[in-house]
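Visitor: Below are the chains, spelled out letter by letter.
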Amino acid sequence: MRRVLAIAALTVRGAVRSRVLLILGLMLAVAVVGLPLTVRGDGTIGGLVQIMLRYALGVAFVLLAVAMVWSGCAGIATEVRDRQIQMVTTKPVRALEVWLGKWIGLLALLAVLLGGAGFAVFGLLHWTTRPGAIEEADRARLRDEVLVARAEIPAIAPEVDAPARAEFERRRSAGELPADRPPEEVFRMLRRTMLAQAFSVPAGGRNAWLFRVPRRPAPGRPFLLQFRFEKSVLDLEPVRLRWTFEAADGTQRRETVGEYRPRAVYTIAVPPEALGPDGRLRIGCEHIDPVPASLLFEPGDGLVLLQYRGAFAGNYARAIGVLFARLAFLTALGLAAGTLFSLPVAGFASVSGALLILLGDYIERLARAGVFFGAGPDAGWSAAVVNRFLSAVFRALSFAIQPLRGPDPLDLLATGRWIAWGLVGREMLIQVVVYGGLLALCSAAVLRRRELGLPA
Amino acid sequence: MKARWSTPLLLGVAVAAFAVAGRMHRPLRSQRREAQLDPVDPVESMPPLVAFTTVAFGGFRGIAADLLWLRATTLQDEGRYFELVQLADWITKLQPHFASVWAYHAWNMAYNISVLLDDHGDRWRWVRHGISLLRDEGLRYNPGSAQLHRELAWLFIHKVGGDMDEAHWRYKREWAAEMGALFEGPAPDFEALAAAPRTRTELLEEAAVAELVRRLREAGVDPFGARIADPAARPAAAAPILAGAPEAAAALLDFVRARRLREEYRMTPEAMAEVDERYGPLDWRLPQAHAIFWAYQGLRYARPGHERLSLDRMIFQSMVDAFLRGRLTADAERDVFLLRPNPDLLHRVRAAYEDALAEHPGDESIRTAHHNFLVDAVMVAFSYNRRREAQALYADLVARYPTERTLGGLDRFVARTYAEFMERFAPREAMVVVESAFYQSFFWEALGEPDQAAGYAQLGRLMWERFMAEREDPEARERLGLPPIAEIRARARERALETVRELRGAADAPTPAPR
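Protein sequences, first through last, are from chains A and B.
For the record, in the first sequence the residue sitting at position 405 is 405 according to the working numbering, with numbers rising by one throughout.
For the record, in the second sequence the residue sitting at position 188 is 644 according to the working numbering, with numbers rising by one throughout.
Bound-form chain A, shown alone (with noise of 0.2 angstroms):
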């Protein structure tokens, strides 16, 4: 441990000498300070303070992340290049260990400039929401609002599978299936149809929804429902709607009556009382509009009920770990490609490696779907073969990425979501140690089998 621990310094001793953490720091400083100054709000104190947190935090994420994948791919190459690999590969020093050294450096230097841009950040944002700056209603709506942790429980997602299969067998057996679609995406068709179907409220009818609440209400802070619905009829005219709350076994019920416009997202406060001794809560919409249009509430993120669960100091910490944890692999990226190419060489790879991260959600969605070449019967065996080929490729690919995909945590930071430590821990097993050691590890490996001290 010494030794990585000598090594580190090290690298923390050459950023600072060639005044990488200088330039870093200034660029950080200007635009952690200068944008939220240059970009506009909608107009609201919340506007502006999400505005901040989003893009200050965001460009601060950004440039530290091009500078990691820079300096990690320089910290090996460059000294491969310049023969200064043999002072340390000459020392009793294992590969992995001078791996392990300068990445432990880069990020010692991460910690430092990401602290920074955090605590400058921070700071801003609460000069800029300091009392007397803006008015003591607009602190409260935006503590209420936007500085805020609440946690996000959908509703419990219905059971959709066995159905849809049975429907599915049924239009089998009876012929019915169309014959220009693959048999598994006319399945998945008839459970998205289920699925909305579940989430839908027809003109003069109810739905229902059940909801598990893993803890009790803080006291003074109500559950909120929010949600957000497509109208069959295409108008923005609003729905009069009875919302109604109560616990599973039916007793305890409230309600209240409001009028929503389509496609607009409401909040509104559910009374604590309503949740049962279990834990339970049941939702229940009831459409009393006499227009005749049905309701569509988006499975997934139209309807879901929000529970305060802690200050916005941590969330921004936590907010902060998680960004830490990503741009740590990036490091790792980088130096792995450094320590496999040439410097140029290294930076494109390494910029390829994190753009289909980025594109992680349509590698996944190409690797469902599964044809990329014609389908049906007339399409051939060429074009089953390029699918099959094809399809594997992309699922390999989306099984090595998926782990590395998560929730932003700044857009949850901007809309006062919770960031569980569960997704900081989450966040800094894979990045870290199981995606950060899988790298070291071909690294060193690498690292040992290479000739370092080829004539040039």
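To be clear, the hints were calculated from the coordinates, so they are not data collected in a lab.
Here the structure is a predicted model, which is why all the values come from computation and not from measurement.
One or more hints might be untrue.
[Unchecked claim] Some chain A residues well away from chain B (every beta-carbon gap over 12 angstroms; in silico): (1) GLY41; (2) GLN84; (3) ALA151; (4) ALA166; (5) ARG206; (6) GLY258; (7) ALA264; (8) TYR266; (9) GLU273; (10) GLY370; (11) ALA384; (12) TRP421.
[What the hints assert, rightly or not] Among chain B residues calculated to face chain A with C-beta under 10 angstroms, some are: (13) VAL571; (14) LEU573; (15) TYR857; (16) GLU860.
The beta-carbon is built from N, C-alpha and C at its ideal position, and this holds for glycine as well.
Using the hints provided, position chain B relative to the given structure of chain A.
Guide: Only chain B this time, still in chain A's reference frame:
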């Protein structure tokens, strides 16, 4: 030898080519303008940051714009609007000369996003964002775009001036309040504002003004801030200082107002005066005046055909609107905000239509609009006891658009039209008819014709009740209803009295009691 001469020679050729290119720049630009490819040179209007961005991104500009556009769409779908102003700003700056992009984002903010919000103040903010994007940014980078002028005029006449949005009264009030902070009364003093100095240095050359500015500063008042020109928000410490030097105060206020008009509202007093002279007198607190202003500004860049027609149409539609409800009675303390007809604009609207008909002789939509206007105009003139004008308009209507309804003379035509109108009134038309019925009532009563007066009063009340009976729902009343009947009667009485005084002389005019 060759190497020694070739470098200076090539350098000389380069310099010569550079000079020739520089000399050719101006004529080429003129030719582009003549061909109406680019009425105003775009580079002249671009600030360095945007000029740099558009060049530095190179081919990646489109990709960056696409990514921003995708993010904007996703955020809007998710109901998260806080970033959208900034994203719209960036997207438009990446394609600053693509007028449709500006038009789309302004329209998206003013129409799509605003209506998703329940609070009328929030809605107005988004409508205002749309107006600002077009006026302050879009037209800055595309000063020669007739399309953007039309879109801006449309936002004023339709979104702010129309009544499709349930928050339209809020929009009108907010706009009137903004204009009220710029000038007192229905219009600024164009001449004084045009004559105001352009720079502070020029202003402060006047010793009295410099002294006034010094005293205001000593009192802790910003002499060049927006609040000094706003009678409703003027700091208390400023009032006695301004009153102490009335001439210098007038010069200072004119300077501040003219500067705000130019810099914040992108309107010059000279251009406003020209529009007012041609189409007015307009009430500049109302959106119609601004719609006419921006459409008129766009005319000089419009290509013949669709562009020209759409701007002409915008002008005469706004003129009709100003004629039907282009006079504002506002009293913030009593919460009165009344829009009334402006019959003085009648000959201007007629002239605007005549111009448009002459410009687009074969266009059926203009003829239809003109026909509808003549019907409205006959009714308004008749109701306002401008019988001679009503007769002239009726004669024009019969000559140009004879139908069965126009047979039988002016009185029969008016009686038939009143009955038909009630079935399809919009609030602005209903307001005209109801108020003018009461006007007639007070007018004839003052002239000693009680029967006629009672008949008109009865007609006015009946029409108000019938119109409001169709709008029992409180929200519909708020959005599409008429002001309280007592309010309308009081206004009509004031106007009738004015007319009678003019007719008889102020001294002996009888004063009818309010009904």
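Visitor: Does each hint fit the structure? Answer for all of them.
Guide: Outcome of the hint check:
Distance to chain B contradicts GLY41(A) as a non-interface residue, since its nearest Cβ pair spans about 6 angstroms, not more than 12 angstroms. Separation of GLN84(A) from chain B is adequate, the least Cβ-Cβ distance of about 35 angstroms exceeding the 12 angstroms criterion. At roughly 18 angstroms, the least C-beta separation between ALA151(A) and chain B is larger than 12 angstroms, which holds for a residue marked as non-interface. Interface exclusion of ALA166(A) from chain B stands, the closest Cβ pair being 33 angstroms apart, more than 12 angstroms.
For ARG206(A), the condition that its CB be more than 12 angstroms from all CB atoms of chain B holds, with the nearest at approximately 23 angstroms. At the 12 angstroms boundary, the C-beta of GLY258(A) falls inside the reach of chain B, the nearest C-beta of that chain being 10 angstroms off. Non-interface call for ALA264(A) relative to chain B: violated, since the shortest CB-CB distance, roughly 4 angstroms, does not exceed 12 angstroms. At roughly 9 angstroms from the closest C-beta of chain B, the C-beta of TYR266(A) falls inside 12 angstroms, breaking its exclusion from the interface.
The claim that GLU273(A) is not at the interface with chain B holds, since no C-beta of that chain comes within 12 angstroms of its own (minimum 27 angstroms). At roughly 25 angstroms, the least C-beta separation between GLY370(A) and chain B is larger than 12 angstroms, which holds for a residue marked as non-interface. At roughly 33 angstroms, the least C-beta separation between ALA384(A) and chain B is larger than 12 angstroms, which holds for a residue marked as non-interface. At roughly 25 angstroms, the least C-beta separation between TRP421(A) and chain B is larger than 12 angstroms, which holds for a residue marked as non-interface.
The criterion of a C-beta within 10 angstroms of any C-beta in chain A is met by VAL571(B), whose closest approach is roughly 5 angstroms, and the hint holds. Interface hint at LEU573(B): satisfied, since its Cβ lies 7 angstroms from the closest Cβ of chain A, which is below the 10 angstroms cut-off. Against a cut-off of 10 angstroms between C-beta atoms, the interface hint on TYR857(B) is violated, since the closest Cβ of chain A lies about 35 angstroms away. A least Cβ separation of about 37 angstroms between GLU860(B) and chain A goes past the 10 angstroms threshold, and the interface hint is therefore violated.
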